[in-house]
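Q: With the sequences and hints as input, model every part of the structure.
2 protein chains.
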Amino acid sequence: MKLTTKGRYAVTAMLDLALHGESGPVSLAEISVRQEISLSYLEQLFSKLRRNGLVISTRGPGGGYSVARELHQVAVSEIICAVNESVDATQCGGKENCHSHGRCLTHDLWEGLSAQIEEFLSSVSLQDMIDRQRVQNASLRQDKVMVQRPYA
Amino acid sequence: MKLTTKGRYAVTAMLDLALHGESGPVSLAEISVRQEISLSYLEQLFSKLRRNGLVISTRGPGGGYSVARELHQVAVSEIICAVNESVDATQCGGKENCHSHGRCLTHDLWEGLSAQIEEFLSSVSLQDMIDRQRVQNASLRQDKVMVQRPYA
DNA sequence: CACATAACCCAGCAATTTAGTCAAGTATTA
DNA sequence: TAATACTTGACTAAATTGCTGGGTTATGTG
Chain A
1 MKLTTKGRYA VTAMLDLALH GESGPVSLAE ISVRQEISLS YLEQLFSKLR
51 RNGLVISTRG PGGGYSVARE LHQVAVSEII CAVNESVDAT QCGGKENCHS
101 HGRCLTHDLW EGLSAQIEEF LSSVSLQDMI DRQRVQNASL RQDKVMVQRP
151 YA
Chain B
1 MKLTTKGRYA VTAMLDLALH GESGPVSLAE ISVRQEISLS YLEQLFSKLR
51 RNGLVISTRG PGGGYSVARE LHQVAVSEII CAVNESVDAT QCGGKENCHS
101 HGRCLTHDLW EGLSAQIEEF LSSVSLQDMI DRQRVQNASL RQDKVMVQRP
151 YA
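Same order as they appear, the protein sequences are chains A and B. If you count the first sequence from 1, position 69 lands on 69 in this note's numbering, and the numbers rise without skipping. If you count the second sequence from 1, position 67 lands on 67 in this note's numbering, and the numbers rise without skipping.
Treat the hints with care, as some may be off.
One copy or two, either will do: identical chains are not told apart, so a pair holds if it fits within one copy or between any two.
[Said to hold, decoys possible] Below are the DMTMM-like pairs computed for lysine to aspartate or glutamate, each with C-alpha atoms no more than 25 angstroms apart in a straight line:
{"no.": "1", "residue 1": "Lys2", "residue 2": "Glu43"}
{"no.": "2", "residue 1": "Lys48", "residue 2": "Glu22"}
{"no.": "3", "residue 1": "Lys6", "residue 2": "Glu119"}
{"no.": "4", "residue 1": "Lys6", "residue 2": "Glu70"}
{"no.": "5", "residue 1": "Lys6", "residue 2": "Glu30"}
{"no.": "6", "residue 1": "Lys48", "residue 2": "Glu78"}
{"no.": "7", "residue 1": "Lys6", "residue 2": "Glu111"}
{"no.": "8", "residue 1": "Lys2", "residue 2": "Glu119"}
{"no.": "9", "residue 1": "Lys48", "residue 2": "Asp128"}
{"no.": "10", "residue 1": "Lys6", "residue 2": "Glu36"}
{"no.": "11", "residue 1": "Lys2", "residue 2": "Glu30"}
{"no.": "12", "residue 1": "Lys2", "residue 2": "Glu111"}
{"no.": "13", "residue 1": "Lys6", "residue 2": "Asp128"}
{"no.": "14", "residue 1": "Lys48", "residue 2": "Glu119"}
{"no.": "15", "residue 1": "Lys2", "residue 2": "Glu22"}
{"no.": "16", "residue 1": "Lys48", "residue 2": "Glu30"}
{"no.": "17", "residue 1": "Lys2", "residue 2": "Glu36"}
{"no.": "18", "residue 1": "Lys48", "residue 2": "Glu70"}
What the hints contain is simulated information worked out from the structure, not anything from laboratory work. Note that this is a predicted model, so its numbers are computed, not measured.
A: Printed below as a string of structure tokens:
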């Protein structure tokens, strides 16, 4: 479980998709403008998101991406893991790399903590994040201030 | 809050220090051998850990590093933040970079989640990790989940 | 059909981070 | 004084990040 800016970009883009995808597919160009992420980087991210079954693509005019499942069935951890996809193997994969006892011990300690974090992120869905935001900010202005950004 | 291998190295080293530091300072050379981390990389990490007040250095023969506080007063989040020390400011620091509304919205959503993770890691101390390991080694299946589910 | 739209794919590139080596210090203790 | 051990800095190879720019395919619409 790695938590870097790459994962944040992916979650941000998925949230944008969730918030604007009610009336059909959303093009990456739109997300690029709104979230200020380069189009090509979005293409890389969504290529992985699509291969991991998190989004569905629609080609041609009026096409774009849609969230593949219902929002409460998409966990944040899935999004982050999808774009990282290093699978890590965490060096000592429990096999022969554990030479000293101390190595195994602290390794297990970290693995336990890492599992906790992943479990936490598995319990948070896109819908959760949106709902929580709605509760916090009761009065949101949804006016679209479509400012032209450099990625247009 | 960034969660990478660098932070894992730091936490691993601090755990090694906690487990072997009862009888005085522990040299980086020892940790290097036990945890299979290069000595120079440990030096970089501990330089930051020391500057952030997490460890105390003892020079001269028989010297090394000691954990600066009691183990239950050292949070995992502090260790990770100490070696990252980018402070990030997350681009749009709530000031003038937030041009469009969509950017602010999803940004806040991510910030909220990030705060949750940091809050969780702040609640876990070195002592907690060691205690938890002892409980698990007593062949007790983890029935109690440490993670609080804020969205549930 | 022609065309615009948008997903898809790929090669490469600058900047940053990671993890490490090497060398030259400085403080402390035996 | 000599040995130990931390401290500091310069430097580097590898990987990752985020982006530019070129194409190709599929698919709606005039």
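Q: Taking 25 angstroms as the upper bound on the Cα-Cα distance, should lysine 2 and glutamate 30 be classified as within, between, both, or neither?
A: neither (27 angstroms within a copy, 28 angstroms between copies)
Q: Can you give me the call for lysine 6 and glutamate 30, within, between, both or neither, at a CA distance of at most 25 angstroms?
A: Result: close within a single copy only, 19 angstroms intra versus 35 angstroms inter.
Q: Checking an output row: lysine 2 and glutamate 111, CA cutoff 25 angstroms. Within, between, both or neither?
A: Answer is both; intra-copy 12 angstroms and inter-copy 17 angstroms each pass.
Q: Give the relationship of lysine 48 and glutamate 22 under a CA distance limit of 25 angstroms: within one copy only, between copies only, both, or neither.
A: within (22 angstroms within a copy, 47 angstroms between copies)
Q: Treating 25 angstroms as the Cα threshold, decide for lysine 6 and aspartate 128: within, between, both or neither.
A: Classified as within; 21 angstroms inside a copy, 30 angstroms across copies.
Q: Classify it for me, lysine 48 with glutamate 30: is the Cα-Cα distance of at most 25 angstroms met within a copy, between copies, both or neither?
A: within (19 angstroms within a copy, 42 angstroms between copies)
Q: For lysine 6 vs glutamate 70, is the C-alpha pair at or below 25 angstroms within one copy, between two copies, both, or neither?
A: within (23 angstroms within a copy, 35 angstroms between copies)
Q: Please sort lysine 48 with glutamate 119 into within, between, both or neither, judging by C-alpha distance up to 25 angstroms.
A: Within. Shortest intra-copy distance 22 angstroms satisfies the 25 angstroms Cα cut-off; inter-copy 29 angstroms does not.
Q: Check lysine 2 against glutamate 119 for me: Cα-Cα at most 25 angstroms, and say if that holds within a copy, between copies, both or neither.
A: Answer is both: 13 angstroms inside a copy and 17 angstroms across each meet the 25 angstroms cutoff.
Q: Since the copies are identical, ignore which copy is meant and state whether lysine 2 and glutamate 36 lie within 25 angstroms (CA to CA) inside a copy, between copies, both or neither.
A: Classified as both: same-chain Cα gap 23 angstroms, cross-chain 21 angstroms, threshold 25 angstroms.
Q: When no copy is specified for lysine 6 and glutamate 111, does a C-alpha distance of 25 angstroms or less occur within a copy, between copies, both, or neither?
A: Intra 22 angstroms, inter 14 angstroms, cutoff 25 angstroms: intra and inter.
Q: Is it within, between, both or neither when you check lysine 6 against glutamate 119 at 25 angstroms Cα-Cα?
A: Answer is both: 20 angstroms inside a copy and 21 angstroms across each meet the 25 angstroms cutoff.
Against the hints set out earlier in the document, violations occur for numbers 11 and 15.
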